[in-house]
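K.L.:
Now for the letters of each chain:
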Amino acid sequence: MLKEIGLNTAEELFRSIPEDIRLKRSLNVTEPLAESEIIAAFEGMASRNTATVKPSFLGAGVYSHFSPTIVDHLIQRSEFFTSYTPYQPEISQGTLQYIFEFQTLVAQLTGMEVANASMYDGSTAMAEAYLMAQRVTRRDKVIVAASVHPEYREVARTYTQHGDLEIVTANFDEATGTLSDLSALDEKTAAVVVQSPNFFGCIEDLSSLAKKAHAVGALLVVVVTEAISFGLLKSPGACDADIVVGEGQSWGIPASFGGPHVGFFATRDKFIRQMPGRLCGVAYDKNGNRGFTLTLSTREQHIRREKATSNICTNQGLIALAATIYMEAMGKKGLQEVAEQNAQKAAYAKKKIGEIEGFSAPFSAPTFNEFVVRGPKSAAEILETVRAKGVIGGLALSHYYAGHDNDILVCVTETNSREQIDELVSLFR
Amino acid sequence: MSIKKVTSHPTQNEALIFERSQTGRVGYRLPKLDVEAMNIDDIVPAALRRDDDLADVPEVSEVDVVRHFTRISTWNYSIDLGIYPLGSCTMKYNSRLNEKVARIPGFAGLHPLAPQEESQGALEMIYRLQEALAEITGLPGVSLQPAAGAQGEMTGVMLIRAFLDERDGEASKDRRVMLIPDSAHGTNPASAAMAGFTVKTIRSTADGITDMDHLRELCSEGGIAGVMFTNPNTVGIFERNIKEICDTVHGAGGLVYMDGANMNALVGVARPGDMGVDVIHLNLHKTFSTPHGGGGPGCGPCCCTAELAKYLPVPRIEKKASGEFFLNSDYPNSIGRVKAFYGNFGMMVRALSYIYTHGNDGLKEATEAAVLNARYLGHKLEGTIAKPFPSDGMHEAIFSHKNQAKNGVVTLDIAKRLIDYGFHPMTIYFPLVVEGAMLIEPTESVGRADLDAFVEAMIDIDREAKEDPDLVKNAPHSTRIGRLDEAAAARKPVLRWGPDMEAAGTSA
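Protein chains in written order, with my numbering: chain X, 223 to 651; chain R, 51 to 558.
Because the hints were derived from the structure by calculation, they are not lab data. Be aware that one or more of the hints could be misleading.
As the list claims (entries may be wrong) - Lysine to aspartate or glutamate pairs mimicking EDC-like chemistry, simulated, CA-CA at most 20 Å apart:
1. X:Lys574 x R:Asp84
2. X:Lys492 x X:Asp462
3. X:Lys555 x R:Asp106
4. R:Lys430 x R:Glu552
Let the sequences and hints guide you as you build the complete structure.
P.N.:
Listed below in structure tokens is the structure:
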């Protein structure tokens, strides 16, 4: 092939690169390794992640749920995982159809009219919701509850630091654990942003927040990090939310040390043209066959460049597929039952821990599968003792919230057996 | 003769899952609840509970779901079927080994907030990949946190902004111009806007590279924050004046951002850090073979000079003298977090596995093969398809529809007709600077026979364009559905299923 294009050596392929910037040595990375050596190297590293073999009560934005076997099996079909963004719809209908199903399922569960093809994750979806609220209302202030996931708030701050958006953090009520302080809400407010269940697991009164926001012409943005809660809790849409964003990791996606997961983004029809991200819609060919295609792309960066609604290019394709398969395999009954089991098991654990001498539940609002318990001494100390006995007991709230030294965020899902819960209770005791 | 595809078979007519739903069907089983059930009202009051019984959420069996997805999967083209020559996308082989190692339970099952002393293997894996990418780019500061290329770009330009704000203080507000070539990816200007920059466009020369005179002119106008350019650029040509570009922009007080989308032409051959680049993003899903997955997930590491490293997103993954790995958030000048947790970890595992598979010399050989394949393909098509630039390309070959357009056949038609020949089309109408652009990137993952077959198809289509242009203009003829009316779809968007939606096969 070299000869055919008139060259003698591979080096000549790079003639257009000036000599003085070519690398004259071998890269300082390993020699090529055999497949078996690579597996051994990675298994060696993975074995040092000892947390994965212990019962765990960690949540805080990443949840342990059982994923039906077919989820990971189906996403490994070549046709799904080795294809790309469906730029050529005639040979990408498989991808387009599942995106359309994902959009529909997200809209159904959030109770909203329309959802996009997915975002990187919940945190970036929330940041994009701030920017969209600013575009829709032409107002420059966002009020975010302090009970929204702290890392999400950090990401939103990064995204908005060079714009003209003011971010006001609203305190939560130390007695209920829910958003209490809306003193900053006024007619300059673009949106009130609240997470429910919030970072402490408490369920916010979304309907009442929506009323207050709408009274001054602001939007209500609801963030959901635990998507399993949709099976039991009133949907944000039914509570009159305007934008619903969140994290879909609970829909059968492995924790994978924090990613890749999948963000979702849902809103009302009237705001479609202000949405970020890809959208898939119905289209017909000239014989009247129904198909699907990416649509409304005039919002996007490849057309509008610096005036686009977002710089996002693709979606979170394969993870959105996994989430779609999960939701469909579980179906209506499964999504309801798994949500109810989470609520029941967490309620059981909350009750048992609350009965321990010196332990209490500091927040009175109802919770779903996560809750805060206050111990008799530092949470870090308690969790260290529990970990020494082989259990990851939860998250010390002081990791994110100063002044909450004795508080532990505990998450209980359907994957935690009663035996594990009882063990945790006895270790706390 | 006319042999038509049989379209009545169930595999060609799979409905939406909602249209398949039957009340009462289930496809799952959970263990029985093993704690005493409380009255649900005592856990969550009725006013906070759903009362719509999850209306219209599908009810299907497990085999329904398996058939559903298996059937629709067959309507996709994929790398595993053959050449997928989307220029700028680097559709190379996705090794199954990478899938396997990413699924090792010790990685896949790890919670990001697990105690650091119980996550050492994951932190080490990240650290090793950071070191490898620093070596490959020649840029020592690395963050793997950005979720995709566009986010890596945003991170990169935010580093520039943070640097300028600190260096210039108040005066930084007079330095907000980001120079971007007219051939750039749309994400570049969109990302620049997110960092508060305004965009000025640099022209390209007839040779397809940055117009140095125009660059100097723009720089002399002042207010330059930096330049964002792609190298090899988006027409696949190496910017041979790269050092001068960097010197000019640095001389004007700005910094140099390189879009690393085309790093597959450079790995092991030349390093951005040695060219004068200050910051770059990589696409692990392009250069480092992590699967494109129908449009994601990606992973867009940001690599920068030592000088810029203090602005990288936190937390950073570092190693203590004791050998212990840890998360370090103690960087007060950091631009902040760009994503919850540490990035798309699962993609990082795959990329490191790719690097281990190829090793030092193998990575360079892959680059050579990618460039050779593109050059060969470009050479074979020369004379048939118009070549807009005389220069040698690198890992991509760029063409224009000029010859075929004389017969009314345009790039879109050629792309659609390629589908009938069994190929995925190239990137079309990008970059915008080439009329009827066709950007072909074969990657290293194809052999000569496949390249020859692709070339033959293009030559056949050129002949068809002259002899029977309608055949090409109405393509594809071999797919389940024909060209879709995208204008109608955008006019009256239907973005979700509803019970009143028309079923498959009926006209709008």
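K.L.:
If you check each hint against the structure, which ones fail?
P.N.:
4
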